[in-house]
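> The residues making up each chain are set out below.
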Amino acid sequence: MPSPPADIVSLRPALVARELILTANQRLARALEQSWAAEQDAIGRTAWERPRIYALEHWFNTQWERLRDAAFPPALAASPANLAVEQRLWRSVIARQPDIAHEEATGFARLALSARQLLERWDLDLTRIGSDHCGSALFASWLPLWRRAMAARALLTREQCLELLLEAHDSGVLPGAGHAHLIGFAALPPRYRRVLEQLCDRLTTHTPPRRNSVRRLVTPADADAEIAAAVDWAADYLRAHPDRRIGLVIPDLAACRDRVERLVRDALTPHHCLPSTPWSPAPCNISAGQPLSDLPLARTALTLLGLHEESLPSGCAYALLHDVYWGDPDAELEVRSRAEIELREGRAVTLGASDLRRALAHAETHLQTPALVTERLQEAAEQRRRAPRNTDFRTWARLFESYLGCLGWPGQRSLDSHEFQQRQHWQELLEHLGALAVTGETVDWGEALDELRRLAKAAPFQSRTPAGRLQILGVLEAAGLQFDALWVTNMTDSRWPEPLDPHPLLPAALQRHLAMPRAQPEHELALAQLRLQEFEGAAAEIVFSYPLRDGEVELQPYTGLRDLPATPAAEPRTHPWIPLARNATAPEIVAWGDAPPCGAGELEGGGSARLRDQSNAPFNAFAIWRLGARPLLEPEPGLSRADRGKLVHRALELFWTGLANQEQLLALDEGARAQTLRAAITGALDELARHRPELHGPRLRSVETDCLYRLLLAWLTIEMARPPFAVVAREHRVALDLAGLPIALRIDRIDRLADDRVLLLDYKTGATHSSSWDGERPEDPQLPLYALAHPEHLAGIALARIRIDPRQGCDLTGLADRELLGCKTLADAGLPDDWAQALRHWERTLGSLAREFLQGTATLCHHHPDSATRDPLIALNRLPELEDIQRIIESS
Amino acid sequence: MTPDLDVRQAALDIHRSFSVVAPAGSGKTGLLTQRMLRLLAACEQPEEVLCMTFTRKAAGEMRRRILSALQRAQEDTPPSDAFARQTWDLARAAVARDRAAGWRLTEAVNRLQIHTIDAYCMQLARRLAGEAGVIATLTPTEHVVPLYQEAVRELCARLESADATGAALAVLLSHLDNHWPRLEELLIRLLSRREQWLAQLLASNNERAALESAVETLIRDTLSALTEAFSHVAGDLPGLLRYVAANRAAQGAPAILDVAARTLPEPNSTALPAWKVILSLFLAKDGNLRSKVDKRQGMPTAKDSVVPAEANHWKACWADLREQLATRPQWLALAQDTLALPDSPPSDTQWEVLNSLARLLPELAAHLELVFQRRGQCDFTAVALAALRALGDDEAPSDLALRLDYRLRHILVDECQDTSGLQFDLLRRLTAGWQNGDGRTLFLVGDGMQSLYGFRNANVGLFLDSRRHPLGNLHLQAVELQANFRSQAKLIHWFNRIFQHAFPAREDPGRGAVPYAPAIAVQPPLPEPAVAIDVLATDADDTHLGEQVAACAAQALATPGSVAILARSRGHLQAILPALNRRGLPWQATDIDRLGHRMAVIDLLSLTRALLSPTDRVAWLAVLRAPWSGLSHADLLALAGIHAGDLRAPLIPRLMRWQDNAALSAAGQATLARVAPILLDAWRARERKPLRSHVEGVWIALGGPATLLDPDDLRLCQQYFGLLEREADIARSDWPEFVRRAQQGYATPVAHTDAQLHILTMHKAKGLEFDTVILPALDRATRGDETALLLWHERVTAAGHRELLISPRQRSGDAGDPLYEWLRREAKLARQLENTRTLYVACTRAVRRLHLVFRQPGPKGPPNDSLLAPIWPALESELTHPGADTQVTMHSPAPTATAAAEPVLTHGLRLPPDWQPVWPARPATPPSPTPNDERESDGSSLARLAGTLFHRSVCQLLREGPRHWDTARIQRQELVWTAELSAVGFDAEAGRAAVARIRRGIHNLLTDDAGRWLLQNHTQAGTELELGYQDGGGQTRTAIVDRTFVADGVRWIIDYKLTEPDGEHRSAFLARQRERYGPQLANYSALFRRMGSEPITTALYFPLLPHLEICT
Ligand code: SF4
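Sequence order for the protein chains is X and H. Following this note's numbering, the numbering of the first sequence begins with 1 at its first residue and continues without gaps. Following this note's numbering, the numbering of the second sequence begins with 1 at its first residue and continues without gaps.
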């Protein structure tokens, strides 16, 4: 038989007499009710008139409603403002102050609101605040303005409503409350006490019972281990005692609630995380909620609502594309994916609604699917456009709902019960937003959305859980409750008593004097002791714990616990099935061998990169070119390297379209050269700007023009110093067949030299490329492929390194059969020293690489250390593991 | 007698302020504890005494010490040890004070004001939000780079704006060759140090003048010191200079030297050229002393000279001076500094860049503030700046006391050498108005030799300066501790011998240079040699180094006592950890090995990514290849290759159709039969569970735990899941950043907590001690950034001010700017100084024995940037002539490793395709209630509200009695309804229909027969009656019955429904309502039956119709 959730011994006469019982919180009220129910049940009564047990705040509300219903004129003249309304008014008052930075208004509003609460609950007026303290001076200057704002809207604070209760009581509208009993209050603010004293004939305060509990002190290594230890203990306890109730008190519960819930699920319902298990309520009751804004449905809704306000960081935009809570994500999977790839190619750091729409439209056209997504987005954009500039919150609440409807929120997938609850909460949230209409403000979409975000952050979401045998509570929520066993965490001397933290907008001395919260050391100490007593009376078995360290800091237990012998905590457990799985089977070693030979469809449209990859890392070549394992492109701020490389290529192409040979270049005077170059650059930029709207900006354009100009001028200086040449081809396309592997090439430029032979040029704009072309596996076979593709009258092959990073500069490097500016001779490069033989050499080496590729050779290694350091495919080729495998093979 | 006793006693004088130098092992925490106890015994409130430390760890340690002293003082027997006895006495006094004042410090430990500077700033900013702003309501975070980046991107987005911001951005971008990542990097770095330039920028509206004056001060300070250094040499230097001037004039050289000067030139920039000429008499171009002079320096030989005697005379004079100068290292260093001084102003392009920065930076800082507010997070700098703002400029101290509600009277600062300029400002403002002898004291403790946090803006120059100049009006008495209580005497002697030369000869707050202060040994010498030096062959590789270090460790562990391997950086440990493992030496370490390097973690990253992004084919392929699936090359190709569709399309649809894929092998099919359903289930259920559980569940279901090779892997995976749990949002929205965090995270060590061997970085070792300390790889150089885009230096001037020197790098290819070159030289010197200090800290951790391991440097000595470099001159001779307390082992080149076995290049791991999970089947849980997907049919919130108001009004009506509810009364009640509706944002307009509805309801109720009957004064009547009961599941529930009474021996139970048919036939409507509310009514009647009631009739009353629908 579990112990009742609250001790009602001292209250029993009051309960029998149906006297009013007021508790510190709803949880305690409920616990008392349950305890009463259990007693009734025990004596065989199955239904009864509910006892008059209320949480204090709730009871005040019911009294207020009575005043209203009685049409008590003062209560009709004004309405209570909820905290969100009050805070908005504070914000608008504070934001109008000249000395407050706009972005701080929200923070100050929050502070002002809590200062106002203290002020009224402690029955203070402005004169007590004084203005010698800067914070209180500010507060004192805002308060009258805010009061005026409240009055203008006929609004009251909840504390002011209490005064009206008294008034009504005096005038006989509100009957007295008889004998009332207070339970669970560590301290009652003066106004509450005064009001209660007048409304009730008699007040009795009940303190929790004392009992001799068995106490222990456990010392886990750190805060994480502490929570794990507490949960493990709870799980063991519940298993051992199937009919008992226990509690965990975790002071910073809000910060770790998700982790706690997960640990409890792992321990009590380990199957919860399996993909085939549907969501179910947690097997415990956690007093802290999650902010609604952290839950997926609301998160998506908020993102969608902000889509037209400002552009999203690209990572968020990609996530939104795949978000399951709008549209029909399964049917649209391929469209959305394709759009993502297109957006990634643009490398933009942020993306707006129109970017998404464009990419999705392209994807739908490309995949020849009906333009459903695009239509949805268009409709939403249209709604956004038609929305009034400024209007009241009620209207926004309605508009937001229909906007989300357009986008197909919350998606085609049917909602599970957790999602269903989230959706209900979302509806309530919109109600709250609408209720802000009381402020009479009209705001724009963005402001309304900001407010919605704030509300969503402040709205704790609690999914419905059946009352279980495990309760997880914060310190305050634990007040007055009873358990069979209780574990209280974080009992360090830095938290017990709480460090002082007086309110910054009220004079500290005043707060200390009146023992306001966290303002007086003696009061905090007494409070700590009281709480400890409460815990000790709350269960027969109590475990206290505190983490031994917080990072590098060693912690100490609360003084009152120092005498308890401390036991270290057991190692935290993992998910219980992990050890099961680990012990069952070991992985086996398999030889993957080679991939199947290339099939017919797999050869089209490849360039030199296939051979390069085959040469460097054969498996990677297979993965990239045949499995499509290409890493996704990530955004780059400004113009991407790839774009800037394209600009260099294109500008040079245009430049040499205008000029035929070096002679013409040399004939230009400085001015004409500059002009021609600039014209080429402009041409290249114009073309790129068609795909990159950011290039329409004049500043970016002019900066890029200048940079390109400097860079290309430096390169042209090198060109001018070369022996005479004529440009015979630019971006020349050739096809090559190497041992059956078709290779499409584009030679950036072909120059004819004075002896009528040709130099094949490749522009390189990236970081240093120092390649070797000899050996069996040349690192970058591009130039040799040029040579093979264009063997006629070959004088040389060269890289024109026009590196965008100016620290690296420009130069020309390559291979030639005799002296040629910047080029090595074939012999120096370790190759046969005439072209015919060199070509034969490459035909052999590159041919064998081509054959490797065709046959599917997929060795797991890097033939060049350089490519190993920046291997983007280690997740797939699993090279980091090879050493381990080697060791296993050797040891067996 | 113990050394330092007098000094320590003096430092306990609580009426005087001190700046105490406390070198390694000098027992400074003991001193701080004692002083704090004495202060507590003498103060009004414990909050008057503030002790600030540099690390949280130190704060915790101080707290612990004070607390245990207070606890020990409760016992009446004094300890026997003299020091402990004194502490006990002081603590007794403090306890007596505590009792008298009723503080109960041992319980209210938080009243002890012992904080890190950051935490104290936070406290100040929180309490003084009125002045500081609301920054303190934000959460300070270590992960600041994303916040900086956000601010930077917002600023950069303004490039195209027509204002000066856009123009300034364009200037910078053009200077950086339109390289945006570099611009971002620069601006981010500037933001992370904004306290150094922000105040300056905001204070001066003329950056050019400020910078020029800073350069001028620099020149003056250096030249003044040089003049001073010259004043110690005897000889006719002015005469020599006149002679040289005359000769130069005769040669037609520019007239830089004054031919008639009687003194040295003025110490200012105008005279700088003259100074450089003078120095060229003694120094050659390379900065070393000249061995001879000739006419190029204005000193012709007797042969060339018209007056040979004169030439000889001055030559002798020069030689004499040179001899003297040669013995003065201080002079030499200054002369070298002087030659490096910038002698021309920045170029115009430099200015353009600086001006653009000056324009952008305040704006950037403002963007950052916005980002902070938006994200609810901030950096510690923001908190410190806010605290500073809160303290105000020239705040009267009494005012502060008032605002804080306690008077700050005594401040103690630990590790003062590591405070930054910003933190020093804070100290200055906290003590503004303090006077010597007014009962308030400042107590700084630090050690210039142990300053290690230059990279975190620590400026050791400030501590040095506190010993020369007053802080505000407060003169601090400079005091030095010399005793070393930690290390055995032989070690102390070795330190004194070696470090004497490693530290600079002259103190220079400007660059934070401190000379070495010899220590006095307290501990007796131990028999065996104190220092062991292992010199490896020059070409020894990492493996060899690791082996040697492991051998040293093994040897040290053979005797009892703790052993530590202290490395300068984590990278230096890479070779050592495996060697230790090979020898089976257990070790404990924190923050040493990275998380993301093991395949097990990489697999989890792939799995997470795949579940988040269907587009990421690499991730999906990796998941299919990972050991839990282990598809072969051919099967991967069958599934993902071009034959199955576009090479860029997502793989999920193909996975869904795997059964139709004829190309799959039998093994592949077996695998997919197991794996595909798991992955697809997971994909379909995405976002339904928290990301961590989602991924972990898939991992477990796939058999991930069974694929781990190393027991340590499980620990890493757990840690990865921890990261995923904390950073799920980042994983979702910024995958590259998440990967970065996963890769940079440190693996928490296995808990060999009792291992005697500790491994840590030298920085982390600060404040700790070990019996044996092993320092590996001292010859390794670390890379410095000599080509930063912008260099700046916060310099403490001779007068004790802080000034900022700043210069951007020239555009590539342009010649170096003199100021930039100067800054580069300073940066390099600063790094070398810090190297010396780092080594000093590392060595002085040793109690009994120190072990150095390094490779024999080449003929040119160790690399400049290695830790070995500063001590090399002193150590080199020691290697050939080891002293009695040193033991040197020279190792011969390592034998080449035996050829490794042929590597496997085609192997992988996988679970057997038919692998099956081993856990119990899922217990049948009651299916969670299927959600009711249609919206609640009582419609909008407005309708719901109307219903509630109707109910409430009926209650009121019954309270007052129906006969009082005439039209006037109903009208009055309308006010209630409008008020309630408007309180939730429905104005009169919006609420009109609802009000009309309620009015109609009330009216009908009062006029309709059935309605009137309901309201009659029946027996046993109840309205809104609350009934408690327990449901089948044992849950306590409440049923609220709108109206109940007994009439004619029948118990009536009635619910009101303020609804009406909406275009529906009345009978259909009523049927629907009955169906809907029937169960509820049945429940009510069951409850009454249980309470033993009369026969029961239930009914629904529809006041809008009006109609009473009898249900049973
Ligand atoms: S992950 Fe590392 S780099 Fe990024 S913000 Fe955090 S600490 Fe800085």
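It is possible that part of the hints are untrue.
What the hints assert, rightly or not - The calculated EDC-like cross-link candidates involving lysine to aspartate or glutamate, where the alpha carbons are at most 16 Å apart (straight line), are:
#1 H/Lys57 / X/Asp550
#2 H/Lys57 / X/Glu554
#3 H/Lys764 / X/Glu670
#4 H/Lys315 / H/Asp343
To be clear, the hints were calculated from the coordinates, so they are not data collected in a lab.
> Evaluate each hint against the coordinates.
For each hint, the structure was consulted:
This hinted pair checks out: lysine 57 of chain H and aspartate 550 of chain X have alpha carbons roughly 9 Å apart, not beyond 16 Å. For a cut-off of 16 Å, the pair hint linking lysine 57 of chain H to glutamate 554 of chain X stands: about 7 Å separates their Cα positions. At roughly 61 Å between alpha-carbon atoms, lysine 764 of chain H and glutamate 670 of chain X are farther apart than 16 Å, so this suggested pair is violated. Annotation: proposed proximity of lysine 315 of chain H to aspartate 343 of chain H is violated, straight-line Cα distance about 29 Å (limit 16 Å).
Of the numbered hints stated above, those contradicted by the structure are hints 3, 4, listed in ascending order.
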